[in-house]
Amino acid sequence: MYQLVLISLGLVFGSALLGMFADYQHSLARFLHFTLLAFAGALCAITSFAVLINNFTLVWQLPLGLPWLNWHQQLDGLSAFFLMIIGIGTLAAALYAPKYVTEYKNSGQPFAALAVPTSLFIAGMMLVVIAADAYSFMIAWELMSISSYFLVTYQHQNSANRRAGFIYLLMAHVGGLFILLSFGILAGFAPDAATAFTFDGMRAASPSLLWLTISFACALIGFGMKAGLVPIHVWLPEAHPVAPSHVSALMSGIMLKVAVYGFIRVSFDLLGEIHWGWGAALLLIACITALFGVLYALIQQDIKKMLAYSSIENIGIIFIALSLSLIFFGQNLPHLGTLGLIAALFHCLNHAMFKSLLFLGAGAVIHSSKEHDIDRMGGLIHFMPWTGIFFLLGCISISALPPSNGFVSEWLIFQTSLQAAAIDSGVLRAIIPISAAVLALTGALSAACFVKLYGTAFLGKPRIRSIKKSREVSFGMLSAQGLLVSLCVFFGIFPTFVLNLLNNIPQQLFGEGLSQAMSHGWLWLTPISAKSAEYSAPLVAFGLILALLVWAGVYFIMKPKRKLQNKGRVPPWDCGFGPLNSRMQYTGSNFSMPIRRIFSPVWELSEENKLQARNGLKEHAHTLIYRENSDDISWKIFYNPIIKMINFSTKRIGKIQTGHLRHYLAYSFFTLVALLWLIS
Amino acid sequence: MNLTDLPLGEQAILMLAGLVLFTSFSLLAQPRIVAAIRTFAWQGVLLSVVTALVAYDTGLHHLYLSALLTLLMKAIFIPWLLHKLVHKMEFQREQDVLHHPVLVLMGGAALVIFCYSIALPIQKLSISVTQPIIALSMAMVMLAMLMLITRHKAVSQVIGFMAMENGLFFAAVSATHGMPMVVELGIAFDVFVAAIIFGVFFFHIKDSFDSLDVDRLSSLSESDE
Amino acid sequence: MVNILNIQGWLLVLIQTSLFILLSPLLAGWIKWLKCHLQNRRAPSLFQPYLNLWRLFNKEVLLPQNASLIFRMTPYILSGVILLAASVIPFIFVRVPSAATADVIVLVGFFALSKFFQSLAAMDIGTSFGGLGASREMTISALAEPAMLMSVFTLAMIAGSTNLSSVIETLLSQGLVLRPSLLFAFAGLVLVAIAETGRIPVDNPATHLELTMIHEAMILEYSGRMLALIEWASMTKLMIYGVLICNVFFPWGIAESISVGNVFIAFFAIAGKLFVLSICLAIGETVFAKMRLFRVSIYLSLAFTLALLGLLSHIILEVGA
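Residue numbers (our numbering), protein chains in the order written: chain B, 1 to 680; chain F, 1001 to 1225; chain S, 2001 to 2321.
Just chain B, same shape as in the assembly (with noise of 0.2 angstroms):
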């Protein structure tokens, strides 16, 4: 079986070759690396499926690497669904790309050059989660970090790209750095020397606590780098937007859920033991993660920054359930753990759906109008009908609203820190509600910023002309997003099914699994008991559209008999003010305007109000320009005071030398006798 998943690496790596030889002129052999991608992406989709549903473990050993040190390889039931993920993914941007990068036809750089680091970067994603030693793991991890970094920096002509690149390979390269040492140091404390380096070797160790919680907070750096945790963020909202759309969605859906593998698979699976303090801890990150997120989300005019920073939220959401998920499992609660496990986990496949869903919605519409900032968009779900549709079903279902997806997965972690009550400390079942209201806080944040982001760009008049020349994009990638929203329309009804899938990983992992969970059939969602709660999606969506049948019959019912003259679309009534034009809408700035009044000093934000004169007489101006900066403002607060002490330390340490000769001799001098004082 486990020759299958190998096989879909080799059809990536196959692309990748081919994507060498493969430019914007002759479509032909673009075609086929991305055919080649997309069989990839489906087979490694259809395969983890199989291994997941069927509850297997596979582990394998490649001969690759050093002559000593063979690749140690596994699919368990963590591994199989984050593979999936992968290939979903995968597929969806294969089928979206071949279109979507003849934008990129006039821009100087050849198709090789985004090809091959796609391919690559593909192969890096499924090598990780594969992955069951370190040594590939690390192998695998740089592989996509590298890749990645050329892609981010594709269009590197742009001054800010470059800077973009150059943080996200810093902070990647520092996030790897902290992997390493976690990993280090469960394998020191392997028993066998020999198979330390592999992960059934770190999972025979046996650390005190003390180096379990320094692994764990590594790990939580590493991993949390790479995720998009606050403070250490900062590379997201800048390497997102920039990189092309179908990389983008790639990133922001697929690859910061390999990050949050990696931290499940080291603090649930490698460490043993875990202790509750750890996931108190990561509850405060992952909450001030979520609505640092969902509050910069709705200051942004890019649209890709927007979505961005959206992911931050979501990833804050993950690590929430995942923290409470550590909470009860260090309390000795085992079940409930589980719950949040698999509320975390159904949380990854969901985000991964829509925001894919998202970025490449939003790629149709940067391809379409030609604009990234939404301020200057308007009106296009009548020129763009399909995008718009999708668009709108990502969005209700990145809100969290019933009947999709994100309400399923944040209906379970609600009823997750509900179960506080069975903590035995007083001082936690006080902080885990809070936290539940932190997250309330953040799903409707989140469902204005979508109101915003869809209200602006979508509905409404044209802001400028050439908006009015969109049209629909191409059948490939409408096909890509109609993929992503069948799934996510899916797994929203129907969502019964997603956890019977689930519910084998904790069953691995743990052996114990949510046995309440589907006990009372496909209609209904029981995560603890029939009687503490339930959610049926399956009629909730059969009730609705029942409802908006009833609707339809009463007016049908009620439809005047008479013949009214068709009177055809009427001007506005604006409460009688007058002829209307574009320019009088809400843009996306104004609609958060009372947000932005309101949590003011979360921001750091400048505002600029210029009335230009003319005549030189400012009595007699005629235009007022108006433009609002924001900047992150972890720069000023955490990162600006790191930089100002390095290079304090450094001009320190850097007195040492003093370009005199004999001093330089002095320390050769002073360096030896203390050797041989050491020695004696």
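FYI, nobody ran anything at the bench for these hints, they're computed from the structure.
It cannot be assumed that every hint is accurate.
[Said to hold, decoys possible] Among the chain S residues that face chain F by a calculated CB cut under 8 angstroms, a handful are:
(1) Asn2040
(2) Pro2180
(3) Leu2308
(4) Leu2309
(5) Ile2316
Remember, it's a predicted structure, so these values are computed and weren't measured experimentally.
The beta carbon of each residue, even a glycine, is placed where N, CA and C say it ideally should be.
For this one, chain B is given, so just place chains F and S on it according to the hints.
Using the frame of chain B, we list chains F and S on its own:
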């Protein structure tokens, strides 16, 4: 100990204790001075009712006297005194400046959780009906101190000081079922004298600075800034 | 577990829901009547909202030029969602099959869905007032949601369930218990309900000044049966909140088993509770003035503090160490 197992009188005590905590929070966030004085008066009334209920429940009759004293001093006399002062200085329409009321309220909630976690070992020792209230009374003291820190006008700070004394009284009632009568009377007299002295000082401060904003007091320092 | 093929159960759901949506204009009319009498004005008839709805249904719909599919679909989605929400609340009977399909968190989600679509429809036409109403509505709902969920959590921690039927049954079985946590949760939920249904002091439902509107600004462009559906939905939403507060915090009288006597008692009980609640609402609307928009955030943080106090008193006072 489950709430449903307790008799109605004890449930009423816990209910009123919750309401006293609410008055502490509303003192924190109430900008209007006259309303703050009124809230403080209500706090005194609720405290005396709780004390009377505890007296009825445990049969300790000296607590009835405590309740009466609290009612007279905290609920009637001191609010009347503060009211008179405020009207004399023509202060009744002024509002205290509240920076970030939401953050202050959240800080108050965190303080309550903190006091609860500290009071946990004490609660395990005591077996009386009022054992959960110990955490609440500590929280009242903390919240009153928070009020002292975050408010600007001198009248609000006096109310905070009095509320702190309320909290200490409540702690005494809940932990040890009241203090010895001598101590009780001594503290009441101290508070009475303090209120009068504060009143005198208000006039002085108002004469010197033409406002009761405590931050203006730092202009008294002679250092060159 | 609930047998979904229970025909009797679904018949009860049908009866209960139809009664709900047929009586909600009466509740709105009653509140209006009370407010008029408190303000020394002559009140319209109690059945005026029915006449308004009938009039609107018979008028033709004029669609603005820029209206897209979202504008046209929103009234139906809105009323459909509110209808679904009405079927979930225990109105006369405690246990009905529909109440088992969705719990309180799903109910909050339903309201969020309705607000989402209403805001989108407001922004669809391209007028400034639409954006104004949409942005204010989403801000207020964002701030109200943690307060509402905190009250819900307090309830869930007391009753051990988020399912409304289970909560009511648990509270009924415990008899008369003085709980500070319920008192605070009640206060918080009342404040949130006022914000969500758009009553004074958050939003004036009878205002004509566009710059002060929140809910009305979003429906300025609707006409005919679309406007009728939206108005009906907002009246039903008010009744949903009213019934929720009455039946959860004062559950006495609700029918726990199906018998004719129980049904009549339950009906008169809920009618009486709504009667008292509307008097309090009318007095509140008359005594208080509408707040400016940026004071609403402080008002909602008060609601959140109350709900949080409810949770804390539950943990500290009621459950003990």
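Hints versus structure:
{"no.": "1", "hint": "Asn2040", "verdict": "28 angstroms, violated"}
{"no.": "2", "hint": "Pro2180", "verdict": "3 angstroms, holds"}
{"no.": "3", "hint": "Leu2308", "verdict": "5 angstroms, holds"}
{"no.": "4", "hint": "Leu2309", "verdict": "6 angstroms, holds"}
{"no.": "5", "hint": "Ile2316", "verdict": "5 angstroms, holds"}
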